[in-house]
Amino acid sequence: MKREWLFLCVFWLLATAAGVAFVYAVPLMPASNAEEAALVDTDMVFMTVMAVPVFTGVTIMLVYSMFRFRRAGPPDVDGPPIHGNRAVQYTWFGVSTALTLFLAGFGSLGLLDLRGHGALKAAGQEMVVQVSGSRWFWEYTYPAQNITTKEALVLPLGRRVKFEVTAKDVIHSFWVPAFRVKIDAVPGLTTFTYATPNRVGTLNDNVSLRVQCAELCGLAHGSMETPVTVLEPAAFDAWVQEQQRKEAK
Amino acid sequence: MFLVPILRGLVLALVGLGAGAGIAMAIGAATGAADTLEPALALGFVLALAGWLLGVGVWETMACEWFGCPRRAHEPSGWQRYFAFSTDHKVIGLQYIVTFLVLFLIAGLLAMLIRIEHLGAAAGTIMDANTYNYVMSLHGIAMVAVAVAVLTGGMGNYFVPLLIGAEDVAFPRINALSFWVIPPVVVLLLAAPLVGGYDSGWTAYPPLSEVNATGQLLFLMGFATFGLSSILGALNFITTVAKLRAPGMTWGRIPIFVWGVFTASFISLTATQFVFIALILVVFDRVFHMTFYQPKGGGAPLLYQHLFWFYSHPAVYIMALPGFALALEVLTHFSRKPLFAYKWVVGAFIGIVSLSFLVWAHHQYTSGMPDWLHIPFMVSTELISIPTGIIFLAALGTIWMGRLWLTTPMLFALGFVFNFLIGGITGIFLADVPTDIHLQDTYFVVAHFHYTIMGGEIFALFAGIYYWFPKITGRMFNQKLGNIHFWSMFIFYNLTYLAMFYVGFQGQNRRVATYPPQLQLANEVTSVFGFLLGLSFLLWVYNMVHSWVRGPKATANPWMARTLEWQTSSPPPVENFLHQPVVLHHPYDYGVPGAVHARTDGGEAHALGG
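Line by line, the protein sequences give chains A and B.
The numbers in this note's numbering rise by one with no breaks, and the one at position 205 of the first sequence is 205.
The numbers in this note's numbering rise by one with no breaks, and the one at position 235 of the second sequence is 1235.
FYI, nobody ran anything at the bench for these hints, they're computed from the structure.
Incorrect hints may have been included.
[As the list claims (entries may be wrong)] With a Cα cut of at most 30 Å, we get these calculated DSS-like pairs of lysine-lysine:
1) A:K162 with A:K150
2) B:K1343 with A:K2
3) A:K162 with B:K1296
4) B:K1553 with A:K150
5) A:K168 with B:K1296
6) A:K150 with A:K246
Because the structure is a prediction, the values reported are computed rather than measured.
Please construct the entire structure, taking both the sequences and the accompanying hints into account.
Dropping the structure here:
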């Protein structure tokens, strides 16, 4: 019996190590272009790593029991009448409670950062972009720059952007997969989210660098998207001036 | 003629529809309303529902008495019972099971259409975006209905009274009513394309569900009516378990499947009203141009989401709890060991029910609700993994050192444990706000809830179908074919849904015909395995139909199980047991010397003075 448990433990550790190695080796998340994405990705990898020992542990016990205790055909005799085991039950309860509370705490910290209450807040002066969703297009207004565009969401590198989001008809959802930020655009309500672009790029460099409607909004929901471009600050200023000239005409 | 009640119901339904529509149109014409189609359909449906129910049997078995005429309770016999307003819980259970399994297959075919569409990255592989949205929405709502009703209404109706040694449920006529409400629901959901279909998913968020085609109105009224059926059913289960247990069937001796249905019923009884209200307010907005959800008139779209999820999150436990319970039931009998930590499992069920009411807004992390709500809902949601963990402990503890008999139902129960493990773990990613913000509304969510509901509840359902097939039909199914069905379903199921997690991480929206072209290969893989998964069900259909007609006769207790339903004939007589059963010990005392769960020969009843 002791050797059996030793074997199971060693196998569990090996499987867990292999699982963790897999999590680090295979990039599940797409390429990113914002500080917030790094935060979400760290959380994602952390949770996946936490999940691996739970998954391997239960699966090994399940599959091992299935082979170890199987009987060919109908049983001639019953198993031992074990109704429970206090030590095992309390240990299981304690470990799962500790894991759960730990995860909840970890998630809370990440959340505070994402929603503008944590470390990222000091990143610099915010730039505001007003986002408005309609069936089936997005409109971006830069109040400080006094420009409005529907073609692309253009942002400067290294500056924290506050998106003020609303909708004109039905609920949409403002999502930039490369930033990992998503917030619903609700008629009658202004919601907000933040992103701090940290890598220059266009949709051609990273397919996730796009605004994608993430809330079902009817017929053309699937194609309600615009490209996102992150520019060096100087190039962004030039783009702003170009837009202002266009709108002045 | 066995079709008489149904034909009478149909005729009265048409009369009701005509009367309701006529009244609405007359009022519309008198007041100069521009468009009276939706008011006509709404009032027409209410009266049609009343007509259908009266015609199909409510008048004869219930309403007639209220007016002083004698009750004409002639129960048809033989197979004709299944087409009648029968009050036998076993007949009603089978009506539920067959109805919802047929709906399951129809909705499964829709899933096949969705997977064909996803062979191409752009919309239009086989259908345009509008058709896609309708097919996806119908697949969603039909499967939700199946998941809510097939285990409680179906398996629960048939087996809860048997498992507790009762002759029937507490309110047999209400039981029949709760089933006969359902055919109009199915008709509404399937008839919607005649008036434009609906394209807002199974969640039907306004304002979208207030500005789309009239088909949406049919969806709303169908869903709300289905809620009525759920509430009536729950009332019945709670009363039955509380009042009709056999002598000696103490709360500590109730089989675990009964606990699953009983605890889930508290959710159905108390939460369903919220979704009913949520849906009816959309109907009011549409029909009477009220503005509950229209910001222009002072309404709030977010209100709907809170009301909707206040029911619809607990509702996943209406699906899952009886699933957990059924899987544990099967694991115990085929391990020939007592259920590990029985009392803790019951506690876990109660804990899940209680917590389930406190987690609804985790569906709304990105909805724009106030920031301070995030952390409490994240914590409450993650707490659910503690009682859920106890269910895994019970499963593993039960099979450990058991004498495993790997029959088809046992394989499905073991498959349930594996699938639900993945469903549970991936749920944590969606409970955690930072990760959910990226994953919300992607295929990750689709994969997650299919793992919990299909991989979990539906695998448990199949465990139950194979386990109780000999009891229901009196015949044995083909075990070899059953095992092949399990392995093909299990393998193709996992291969289909694992790739969906990946495309979700990568940013593929759910509910769209269009997806980023670089994800086409992953989608094609999913589709191909999805088709194979679909084909695996043919093995099951063949096995069930063939075995029901031609299978070898089953004995009363082919699995040598201890619970009460096996201590009577297969199928059981109308009154379930020839003598009043008397319960003497715990149902799962396998290996305990001399322990007998119950006596059904009438001897012990006499000894106890019963």
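Exercise for the section: Please work out if B:K1343 and A:K2 have their alpha carbons no farther apart than 30 Å. Expected result: Holds, at about 29 Å.
Problem - Pair hint outcome, A:K162 versus B:K1296 [Cα-Cα no greater than 30 Å] - result: OK: A:K162 and B:K1296 at ~26 Å, within 30 Å.
Problem - Proposed proximity, A:K150 with A:K162 (alpha carbon, max 30 Å) - result: holds (18 Å)
Handout entry: Straight-line alpha-carbon gap B:K1553 to A:K150, limit 30 Å
Key = Cα-Cα ~71 Å, so violated.
Problem - Pair hint A:K150 and A:K246, alpha-carbon separation not exceeding 30 Å - result: Measuring from Cα to Cα gives roughly 13 Å; hence the hint holds.
Handout entry: Given hint B:K1296 paired with A:K168 - CA-CA distance at most 30 Å
Key = Since the Cα atoms of A:K168 and B:K1296 sit roughly 11 Å apart, the hinted pair holds (cutoff 30 Å).
Against the hints set out earlier in the document, a violation occurs for number 4 only.
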